[in-house]
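Peer 1: For reference, the chains in residue letters:
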Amino acid sequence: MDKKIKQNLGFLLLLICILTTIFFLGIILYFIVARGIRILSWEFLTQVPRKAMTAGGIAPVIVGTFYLTSGAMIFSIPLGLACAVYLSEYSPKSFIVNIIRISINNLAGVPSVVFGLFGLAVFVKYLGFGVSILSGSLTLGIMVLPSIISAAQEALMAVPQSYREASLALGATLWETIRKVVLPSALPGILTGVILSIGRVAGETAPIMFTAATFYTRRYPNSVFSEVMALPYHIYALMTEGVHPEEQTSIAYGCALILLILVLTMSVLAIILRQRQRSQSYYGT
Amino acid sequence: MALKTKIQVKDIHFYYGKTEVLKGFDMDIYENKVTAVIGPSGCGKSTLIRMFNRMNDLIPKTRLEGSIILDNEDINSMKTDVVEIRRRVGMVFQKPNPFPKSIFDNISYGLEVNGIKDRRKKEEIVIQSLKKAALWEEVKARLNESALGLSGGQQQRICIARCLAVEPEVLLFDEPCASLDPISTQKIEELILELKKEYTIVIVTHNMQQAARVSDYTAFLYLGKLIEYGETEQIFTVPKNKLTEAYLTGKFG
Chain U
1 MDKKIKQNLG
11 FLLLLICILT
21 TIFFLGIILY
31 FIVARGIRIL
41 SWEFLTQVPR
51 KAMTAGGIAP
61 VIVGTFYLTS
71 GAMIFSIPLG
81 LACAVYLSEY
91 SPKSFIVNII
101 RISINNLAGV
111 PSVVFGLFGL
121 AVFVKYLGFG
131 VSILSGSLTL
141 GIMVLPSIIS
151 AAQEALMAVP
161 QSYREASLAL
171 GATLWETIRK
181 VVLPSALPGI
191 LTGVILSIGR
201 VAGETAPIMF
211 TAATFYTRRY
221 PNSVFSEVMA
231 LPYHIYALMT
241 EGVHPEEQTS
251 IAYGCALILL
261 ILVLTMSVLA
271 IILRQRQRSQ
281 SYYGT
Chain H
1 MALKTKIQVK
11 DIHFYYGKTE
21 VLKGFDMDIY
31 ENKVTAVIGP
41 SGCGKSTLIR
51 MFNRMNDLIP
61 KTRLEGSIIL
71 DNEDINSMKT
81 DVVEIRRRVG
91 MVFQKPNPFP
101 KSIFDNISYG
111 LEVNGIKDRR
121 KKEEIVIQSL
131 KKAALWEEVK
141 ARLNESALGL
151 SGGQQQRICI
161 ARCLAVEPEV
171 LLFDEPCASL
181 DPISTQKIEE
191 LILELKKEYT
201 IVIVTHNMQQ
211 AARVSDYTAF
221 LYLGKLIEYG
231 ETEQIFTVPK
241 NKLTEAYLTG
251 KFG
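Line by line, the protein sequences give chains U and H. Here the numbering used here is used: the first sequence runs in plain steps of one and ends on residue 285. Here the numbering used here is used: the second sequence runs in plain steps of one and ends on residue 253.
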């Protein structure tokens, strides 16, 4: 009996923890949705801002976030994947490779504002890209590079060694083995890493603060060298600057809701893609 | 009928780090014969046959002395193309390891990496290989389904068919029945007896009855040394070495 009571207590404890987590998640969603939904309208999504940010819409802000996120992913996915493949499939397990691995993990722990400063110094000033989509994308890309690398490495390590042996034993080269057997098997795991990175990139404020974002422009970006408005920075700016706190606050909640929807949509898309990939890899073509 | 040596092992030493796993011996493997390698766990059986297709290259911190000669060619020489060696010396592993692909793609994979692109040619070889592996009747209606949906024994025969497709000369079996039930084991054994007409076969096994049933020659390895090597019938009836006799009668192992 005593054992059963202990077990029930344990389960109860777990249940309480889960409910607490869900409660906070729910309350965040509730507040953002309740306060953001009021401002949401077709106009809000498709118009440019007017009257010193107190009226009009946030269309250029959404477009800016889309460009920055896409740019960062275009830059970081191939680079991160290449690094991961090299580290886990090609490189000999040596001291130096271990150092590289530890460095990458440490890079993941660097605060995002430090990446922002780095981007300002290197991309904006030294390389002369200015405050632009390009500088912002590169900065964001470098910021998520470590998480993409380690997610991809995990996924590659999860591929059974027996697949590699089978492929090599048939007279495939290491490259053929990686391209035709290892990468397809690791793809679902890699995509999971990418999904998480997309969410993180879209929501980061600090790295774009000095490198890409501007508080107020009525124009849409017309090249990679344009500066843009972006959702996370826009929320920050609305809450800290300007002279119409009330209107600005409600617009900020609207922005937060849009950001949330955007990130969730991208995640869902990636999850669907991942599921399709997974079932294909199991059941052939 | 004169015996022709297919693989010649010359004074082989193999090290994992500082541990010497194979301690120097010679051994000739004959063409179109089945050679069984037996011995207790850790005696170096798998290490030995994984040397024949240079699978040990994949394990870091290993070192090899001596040589393995395949048809007059030292397979460890700098000039040797390891990819070509692995095509000529196929391997079936302990655990069935089909790719997470369709049955058809599993067999055609080896053809693609060996440069056969023509769809009709591929289909022809896939069917032929599945027939040789005694699997055709069971899978012909489901070639596009995942190989992972097959039973363990069928998966192992997929792996054999996959090897056969690239037209090897030697087939290495590393405890191919270790994870299979008796019926599947029997099928694999029948297959091995059938395949020896065309291929040189080396099989590592823990199962002494299996060695007696399928092999023409048997090698007994103990602690990295080749204790006895000869015709299976002789080894199992009148072993020359006391250790061999003790192992075969179950006194240790």
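Worth flagging that the hints you see were computed from the coordinates, not collected in a lab. Don't be surprised by glycine CBs; every beta carbon is placed ideally from N, CA and C. Hints are not guaranteed to be accurate.
[Claimed, not checked] Here are the simulated DMTMM-like pairs of lysine to aspartate or glutamate, each with C-alpha atoms no more than 20 Å apart in a straight line:
| # | chain 1 | residue 1 | chain 2 | residue 2 |
| --- | --- | --- | --- | --- |
| 1 | H | Lys225 | H | Asp28 |
| 2 | H | Lys61 | U | Glu89 |
| 3 | U | Lys180 | H | Asp216 |
| 4 | H | Lys131 | H | Glu194 |
| 5 | H | Lys225 | H | Glu198 |
| 6 | H | Lys4 | H | Glu137 |
| 7 | H | Lys140 | H | Glu169 |
| 8 | H | Lys132 | H | Asp105 |
| 9 | H | Lys225 | H | Asp71 |
| 10 | H | Lys131 | H | Glu84 |
| 11 | H | Lys122 | U | Glu89 |
| 12 | H | Lys33 | H | Glu245 |
| 13 | H | Lys61 | U | Glu165 |
| 14 | H | Lys122 | H | Glu137 |
| 15 | H | Lys95 | U | Glu246 |
| 16 | H | Lys117 | U | Glu89 |
| 17 | H | Lys197 | H | Glu65 |
| 18 | H | Lys33 | H | Glu20 |
| 19 | H | Lys197 | H | Asp71 |
| 20 | U | Lys93 | H | Asp57 |
| 21 | H | Lys4 | H | Asp28 |
| 22 | H | Lys131 | H | Glu169 |
| 23 | U | Lys180 | H | Asp118 |
| 24 | U | Lys180 | H | Glu112 |
| 25 | U | Lys180 | H | Asp28 |
| 26 | H | Lys4 | H | Glu190 |
| 27 | H | Lys10 | H | Asp28 |
| 28 | H | Lys132 | H | Asp57 |
| 29 | U | Lys180 | H | Glu245 |
| 30 | H | Lys187 | H | Glu112 |
[What the hints assert, rightly or not] Facing chain U, according to a computed beta carbon distance under 8 Å, are these residues of chain H, among others:
| # | residue |
| --- | --- |
| 31 | Asn56 |
| 32 | Leu58 |
| 33 | Lys79 |
| 34 | Val83 |
| 35 | Gly90 |
| 36 | Phe93 |
| 37 | Phe99 |
| 38 | Tyr109 |
| 39 | Gly115 |
| 40 | Lys117 |
Peer 1: Holds or violated: H:Lys197 with H:Glu65, Cα cutoff 20 Å?
Peer 2: 32 Å, violated
Peer 1: Please work out if U:Lys93 and H:Asp57 have their alpha carbons no farther apart than 20 Å.
Peer 2: 13 Å, holds
Peer 1: Checking hints one by one. Is H:Asn56 an interface residue toward chain U, by the C-beta closer than 8 Å rule?
Peer 2: Since chain U brings no Cβ nearer than about 11 Å to H:Asn56, farther than 8 Å, the hint is violated.
Peer 1: Do the alpha carbons of H:Lys33 and H:Glu20 lie within 20 Å of each other, as the hint requires?
Peer 2: Distance ~29 Å between H:Lys33 and H:Glu20 Cα, so the pair is violated.
Peer 1: Are H:Lys140 and H:Glu169 close enough, with their CA atoms no more than 20 Å apart?
Peer 2: Not OK: H:Lys140 and H:Glu169 at ~26 Å, beyond 20 Å, violated.
Peer 1: Is it true that the CA of U:Lys180 sits at most 20 Å from the CA of H:Asp118?
Peer 2: 18 Å, holds
Peer 1: Quickly compare the C-alpha distance for H:Lys131 and H:Glu169 to 20 Å and report which way the hint goes.
Peer 2: 18 Å, holds
Peer 1: May I ask you to test the interface hint for H:Lys79 with respect to chain U, counting a Cβ-Cβ separation under 8 Å as satisfied?
Peer 2: 17 Å, violated
Peer 1: For the restraint on H:Phe93, tell me whether the closest CB of chain U is nearer than 8 Å.
Peer 2: Hint holds; H:Phe93 Cβ to chain U Cβ min 6 Å, cut 8 Å.
Peer 1: Hey, H:Lys33 versus H:Glu245, does the alpha-carbon distance stay inside 20 Å?
Peer 2: 23 Å, violated
Peer 1: Is the hinted pair U:Lys180 and H:Asp28 satisfied, with a Cα-Cα distance of at most 20 Å?
Peer 2: Violated. U:Lys180 to H:Asp28 sits at ~36 Å, over the 20 Å cutoff.
Peer 1: Between the alpha carbons of H:Lys131 and H:Glu194, is the straight-line distance 20 Å or under?
Peer 2: Given pair H:Lys131, H:Glu194 holds - Cα atoms ~12 Å apart, limit 20 Å.
This entry does not satisfy hints 3, 5, 6, 7, 9, 10, 11, 12, 15, 16, 17, 18, 25, 26, 28, 29, 30, 31, 33, 39, 40, going by the numbered hints stated previously.
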